[in-house]
Amino acid sequence: MYARMIARDFRRNRSVTLILVLLMMLSVVLATASAGTLVRPVGASSDLMTQADAPHVAQLHVGPYDQEQVDAWAAGRPDVAHHQTMVMLGISGANLFFDGTAQTDNIQQNSLVVPNTERDLLLDLDNQPVTEVDVGTVVLPVIYQVEADLEVGDPVTITGSDGYVTELTIAGFARDSIMNPAITSSKRLAVSPADLADVRAHTGEVEQLIEFWLHDPDAESATFQKAYQDSDLPAAGQMVDAAAFRMFTMIGDGMVAAVVILVAALLLVVGMLCLRFSFLTAAEQDYREIGVLKAIGVPGHGVKQIYLTKYALLAGIATVLGLPVGLALTPLLTRNITRYMGSVPSVWNWVAPVLAGTAVLTVLVLFVVVLLHRFDKISAVTALSAGTTGRQARAVMRLHRSRMPVQLRLGVMDVVGRWPTYLLLFLVFAVSTFIIIVPVSSAATAGAPAFVNYMGTGQVDLRIDLRHADSTSATEFEQMVAQLESDPDVTAVAPMVTTRNDSVDKDGNTASLYVENGDHTLLPLTYAEGRAPTAPTEIALSLLAMNQAGRQVGDTLPVQVGAQVRELSVVGSYQDITNGGKTAKSVLPTGEDDVMWYMAGVELTPGTDAGATASVYAEEFAPAAVADIEQWRIQTLGPIAQQIMVTAVVSAVVALALAALMTALFTRMLLARDAGPIAVQRAVGADDPGLRRQYLTRVLLVLLLGVVVGTVAANTLGEGLFNLMFEGMFGGFESLGQGTSRIDFAVDPLLTYLALPAALLAAVALTTSASSRSISEARVSTLTTE
Amino acid sequence: MTTDTPLLEATGLTRSFSGHTVLHGVDLQVHHGELLSVMGPSGSGKSTLLYTISGMDTMSAGTVRFDGQELAGLNQKQLARLRLTSMGFIFQHVHLLKNLCLLDNVVLPAYLAGLAPRSDLNDRALQLMERTGVAALADRDVSEASGGQLQRIGICRALINSPTILFGDEPTGALDSTAAAEIMDILAELNADGMTLMLVTHDPRVAARTERVLYMVDGRIVGDRRQERYAGAHLDQRQTELSQWLMAGAPVRT
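One line per chain: the protein sequences are B and Z, in this order.
The opening residue of the first sequence carries number 0 in numbering that gives the first Met the number 0; numbering runs sequentially from there.
The opening residue of the second sequence carries number 0 in numbering that gives the first Met the number 0; numbering runs sequentially from there.
One chain only, chain B, in its complex shape (with noise of 0.2 Å):
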């Protein structure tokens, strides 16, 4: 008898039950997305990093180099498992043509390098390792597959100042575990062994990438480059370790990933609250049936087993569906992980998108369990006899006090009047407003100009790095900053002189810091939390070296400054991805100590030809190494931005479903509890078109409001969260919720607040329309007491 009681009423509820099921599709689309989006870059991030066996540690050096002084070095350290030395041949990228285009534009540092053969391997498509290249072929990092539409049979050519030219063949393309993406501005390209040798004779500039393996990378990673540091080894470059060649290969699919759970973890906040609505509008109009079915002594359990087998049909159906359709948006979504960082053949990739959905289904059956013990609360004589448990509608407006047409004015006062009726509608439409906006304007910011700046660079056009090979470097640097203040096409230069300090990490422990000193108030970039600083007892840290002091704003660190350690007042944090991260700024004098590198950051005036001007400085300050920072912002974010934005438009579609099959539903559902009302007003003479209006007049007003709310929670909530995220991808889960990553959402206010709202309004506005056609059904019949 049941299962015919639940056929007939899918029978007749057949749109809303329609609706309910897609609803509740769409939540457990979503779960099963975002769990494949979560598991998929972790466990191909670190497939990725295991079976190519990446190094620990990692110092670039350039300059002259002894393999025996590391060997011995390395062979005294019981920490270190292994090392290993690779030569890097940097090629310019004036020298240096994909498929005939020369890469001058290029901001990454092309290498080419002979593959290793045990460890730090570079792996093939198939993640299968390349030990060997052909003589006379070249394998490319997967970037330029990616990026420059390259493919396998396309020619490099590579040319020397001396006339040289050789060509070699792209035999394939490599996964690189430590300089895979685009924002660790390094690449290799792997050739033979003969290759590089006659190249090497003609052109480029070797550096040793030096490795170490070590046996407890978790506790002795700290330790033991503070050793390598404090050596007197090569170190003429950057030191890189796991932890920051995990977080430049997250900071990307990591936002998509948090993107995706954001909207996943409201979408299933929605989905029960529409569950609740439309069963308790349910539960309203059979309350009758309720009522019969206890007089005529069908026990409590059973009614409310019909209604958790219905629900639980419903649910089940709409997992069913939902979940092949979560697992076949997620290769969307981790496009760009796939491609970087292969797929990885885990069964953990299909077992939790199903757990998810699972999850789902399971806490929306729970939720209707929850629902049914209203109906404990049901006595079948009330049920009989009131027919009804509608809540008795107040008038809080008046009509008669209105200037405004009728019908728009009585839509108002029904959502004045009913509040919490509306609320739900309010509370879906907000979410959506919210889900639209937040996914955007976070794709916007990372995409926007101003976004370096919460990078690590100033204000600047241009970037002029320069090494610190000898006791001529200062006085390179000082002519390179004079010509470059006398050159009429420079507005500013901020000249910056970085040396490496010891200071001491939160345990106490001494830990180096890269302390980049001179004028910060000129060029500067966004601080996180306080300020530049301006006085030698005063410095500013990054977000990560902020947690590896364990130190906030307002606190001191005690600095080695030349012989004496100062303790100097912590005044500002930022974030940094440059230089492995742990930066700090200050105004420290700087003959003293170990200089390492200088930089220039340089204002153009408006209208020069960035690009134009870097290629002349590239020539006139060579070997100093000269970045547009707008090429760099498009080539390293750019490709992070477009993918975010994949994600926003997935979203913003979502949002728009939501709100348009919520504002189906709950017309419907509005249209069925106002019948009478409704036929009241046919009666006294309002017809179908007035009618219909204050219905648009009820539903578009909630719209305002949640559009509101949500657009003014997306600029502060969301924001915050997108915050959040930064935190932790920068300092990792303990700087969460510490507040020091203030990023101000970068909002194109033309899509914000017209074209994402206007798109909304349309989407609610026709189905209302649609859905309020069956307006002209409410019957009379509601009326008269035959």
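Keep in mind that the hints were calculated from the coordinates and are not lab data.
Here the structure is a predicted model, which is why all the values come from computation and not from measurement.
Any given hint could turn out to be false.
To be verified - 20 Å max Cα-Cα, derived SDA-like pairs, lysine to any residue:
#1 Z:97 <-> B:670
#2 B:303 <-> B:372
#3 Z:76 <-> B:689
#4 B:225 <-> B:560
#5 Z:97 <-> B:416
#6 Z:76 <-> B:773
#7 Z:97 <-> Z:63
#8 Z:97 <-> B:408
#9 Z:97 <-> B:396
#10 B:303 <-> B:16
#11 Z:76 <-> B:772
#12 Z:76 <-> B:774
#13 Z:76 <-> Z:40
#14 B:309 <-> B:4
#15 Z:76 <-> B:768
#16 B:505 <-> B:469
#17 Z:97 <-> B:418
#18 Z:97 <-> B:397
#19 Z:97 <-> B:407
#20 B:309 <-> B:20
#21 B:225 <-> B:396
#22 B:303 <-> B:280
#23 B:225 <-> B:557
#24 Z:76 <-> Z:92
#25 Z:97 <-> B:675
#26 Z:76 <-> B:407
#27 Z:97 <-> B:411
#28 B:225 <-> B:59
#29 Z:76 <-> Z:55
#30 Z:97 <-> B:674
#31 B:225 <-> B:237
Let chain B serve as the given structure and place chain Z on it in line with the hints.
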């Protein structure tokens, strides 16, 4: 009070719901100024006749002419306009809108019609409420008035646009006898002023006060009785006569 051209004329009026015929080709003429009641057992089609003849419900066959206008020739919007300006309705359960105060319920049809400035319409509503003795309740909620008071509000709402005819579906059905008598006094007074009224009722006391009683069985008018205008006396006697007529099978008597 009747004139020769009927205000309302139904010919062969039929109404079916999913194969079940509720009205079987009803012919009926209602004249200007008539006070008419329709009686009959539950399910005889009284209310259906009322709603079909007023254009609120669609007919399956037949014609209805109101004030010379063929209802079948009007679209939904024109029908709504006709109901708004020329017809008034009162119901057993009044059916006031709960999110409006009582005065707002009365002015609503006037605002919808928009035939005069709103301040004038508010004044007219208050006058009507004054006349029916509920002016003091103007600003109250629907839940703050008694059944009799609500029915007076319902009458004010029906009268706000000065309709030509007033339809009542069991207007006293939910009231106690005192309240019912008071409502009938108001309706009789309106009729005395020239208003045409058509009331569906179960109550012989209501029918006894009208000058024409129709009796319906199974979707057909089986009896049509005319009686003297009620002048305020001998109601019991009129009621007895009406009962006898009904018990005799309500033969047509003109």
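Okay, the hints, checked on the actual structure:
1. At most 20 Å may separate the alpha-carbon atoms for a hinted pair to count; residue 97 (chain Z) and residue 670 (chain B) meet this at roughly 16 Å.
2. Distance restraint check for residue 303 (chain B) and residue 372 (chain B): the Cα-Cα separation of roughly 8 Å lies within the 20 Å cut-off, and the hinted pair is therefore satisfied.
3. For the proposed pair residue 76 (chain Z) and residue 689 (chain B), the alpha carbon gap of about 10 Å is at most 20 Å, so the pair holds.
4. For the proposed pair residue 225 (chain B) and residue 560 (chain B), the alpha carbon gap of about 17 Å is at most 20 Å, so the pair holds.
5. Between residue 97 (chain Z) and residue 416 (chain B) the alpha-carbon distance is near 9 Å, which keeps this suggested pair within the 20 Å criterion.
6. Restraint check for residue 76 (chain Z) and residue 773 (chain B): the C-alpha separation of about 16 Å stays at or below 20 Å, so the hint holds.
7. Annotation: proposed proximity of residue 97 (chain Z) to residue 63 (chain Z) is violated, straight-line Cα distance about 33 Å (limit 20 Å).
8. As the CA atoms of residue 97 (chain Z) and residue 408 (chain B) are separated by approximately 15 Å, the hinted pair is consistent with the 20 Å bound.
9. Distance restraint check for residue 97 (chain Z) and residue 396 (chain B): the Cα-Cα separation of roughly 12 Å lies within the 20 Å cut-off, and the hinted pair is therefore satisfied.
10. Restraint check: the Cα-Cα separation between residue 303 (chain B) and residue 16 (chain B) comes to about 18 Å, which is no more than 20 Å; the hinted pair holds.
11. A distance of roughly 15 Å separates the Cα atoms of residue 76 (chain Z) and residue 772 (chain B); the hinted pair therefore holds under the 20 Å criterion.
12. Annotation: proposed proximity of residue 76 (chain Z) to residue 774 (chain B) holds, straight-line Cα distance about 14 Å (limit 20 Å).
13. The suggested pairing of residue 76 (chain Z) with residue 40 (chain Z) is violated, with an alpha-carbon distance near 34 Å, which exceeds 20 Å.
14. Taking the CA atoms of residue 309 (chain B) and residue 4 (chain B), the gap is near 10 Å; set against the 20 Å cutoff, the hint holds.
15. For the hint pairing residue 76 (chain Z) with residue 768 (chain B), the CA-to-CA distance comes to about 18 Å; that is within 20 Å, so the pair holds.
16. For the suggested pair residue 505 (chain B) and residue 469 (chain B), the alpha carbons sit about 34 Å apart, so the restraint of at most 20 Å is broken.
17. Proximity of residue 97 (chain Z) to residue 418 (chain B) is assessed by CA-CA distance (about 14 Å); at most 20 Å being required, the pair is judged to hold.
18. Between residue 97 (chain Z) and residue 397 (chain B) the alpha-carbon distance is near 12 Å, which keeps this suggested pair within the 20 Å criterion.
19. Pair hint residue 97 (chain Z) plus residue 407 (chain B) holds up; C-alpha atoms about 17 Å apart against a cutoff of 20 Å.
20. Annotation: proposed proximity of residue 309 (chain B) to residue 20 (chain B) holds, straight-line Cα distance about 11 Å (limit 20 Å).
21. Of the supplied pair hints, the one linking residue 225 (chain B) and residue 396 (chain B) is violated, its CA atoms being roughly 73 Å apart against a limit of 20 Å.
22. For the hint pairing residue 303 (chain B) with residue 280 (chain B), the CA-to-CA distance comes to about 15 Å; that is within 20 Å, so the pair holds.
23. With a C-alpha separation of about 16 Å, the suggested pairing of residue 225 (chain B) with residue 557 (chain B) holds against the 20 Å cut-off.
24. With a C-alpha separation of about 26 Å, the suggested pairing of residue 76 (chain Z) with residue 92 (chain Z) is violated against the 20 Å cut-off.
25. Between the alpha carbons of residue 97 (chain Z) and residue 675 (chain B) the distance comes to roughly 11 Å, so the proposed pair stays at or under 20 Å and holds.
26. Taking the CA atoms of residue 76 (chain Z) and residue 407 (chain B), the gap is about 18 Å. The hint holds against a cut of 20 Å.
27. For the proposed pair residue 97 (chain Z) and residue 411 (chain B), the alpha carbon gap of about 14 Å is at most 20 Å, so the pair holds.
28. Between residue 225 (chain B) and residue 59 (chain B), the direct Cα distance comes to roughly 15 Å. Compliance with the 20 Å bound is thereby established for this hinted pair.
29. Taking the CA atoms of residue 76 (chain Z) and residue 55 (chain Z), the gap is about 11 Å. The hint holds against a cut of 20 Å.
30. Distance check on the hinted pair: residue 97 (chain Z) and residue 674 (chain B) sit about 13 Å apart at the alpha-carbon level, within 20 Å; holds.
31. Using a Cα cut-off of 20 Å, the hinted pair residue 225 (chain B) and residue 237 (chain B) holds, with the two alpha carbons roughly 13 Å apart.
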